[in-house]
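Colleague: Sequence:
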Amino acid sequence: MGISQSASKRVTGTLTNSSEFNSACDSAYTHCLSLAEQAFPGVLPYQLLTASTQLHQTLTSLHPHPLILRWVPCPPTRSQVDSAFRVITGHQHNPRNDEEELVLGSTQFREWAVVLFADDIVGTPARQF
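Under the UniProt record's numbering, the first residue of the sequence shown carries the number 1, and numbering increases by one thereafter.
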């Protein structure tokens, strides 16, 4: 567990400090806002799967990131997207009625993306064995 935790922290730090990753997050966030015609102050949960696919495409082709290229061969699954969303929003199985609370601002969106891809990167070697 200690090794995995430090690996997770290193990967999280690498992604957080990566200009390629941050640029891809900004692009995906802006794209989601434009798809919703700026009707919401952020990204809605139903947009996150599309955002994760766009992030993966950007980070494997347009602005390649070495960790994503090596450890994330496919876009994240719906399950992975939802899990990262629950981590960021802090609710497991408590759907809220207030739509406003479910909107991710740019900071939360970037945190979600870091959690999503860091978990996938750290988990990939374990799944290979």
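What the hints contain is simulated information worked out from the structure, not anything from laboratory work.
It is possible that some hints are incorrect.
[Claimed, not checked] Quick list of the computed label-pair ranges, beta carbon to beta carbon: (1) Ser106 x Ser83: 16 to 24 Å; (2) Ser6 x Val87: 12 to 20 Å; (3) Glu37 x Asn17: 14 to 22 Å; (4) Ser8 x Ser79: 16 to 24 Å; (5) Pro41 x Thr14: 12 to 20 Å; (6) Ser19 x Thr53: 19 to 27 Å; (7) Arg10 x Ala39: 23 to 31 Å.
[As the list claims (entries may be wrong)] When the alpha-carbon atoms are kept at most 25 Å apart in a straight line, the in silico DMTMM-like pairs for lysine to aspartate or glutamate are as follows: (8) Lys9 x Glu111; (9) Lys9 x Glu20; (10) Lys9 x Asp82; (11) Lys9 x Asp26; (12) Lys9 x Asp119.
Even for Gly, the Cβ is constructed at its ideal location relative to N, Cα and C.
Colleague: Looking at the structure, which of the earlier hints fail to hold?
Modeller: Numbers 3, 5 and 7, in rising order.
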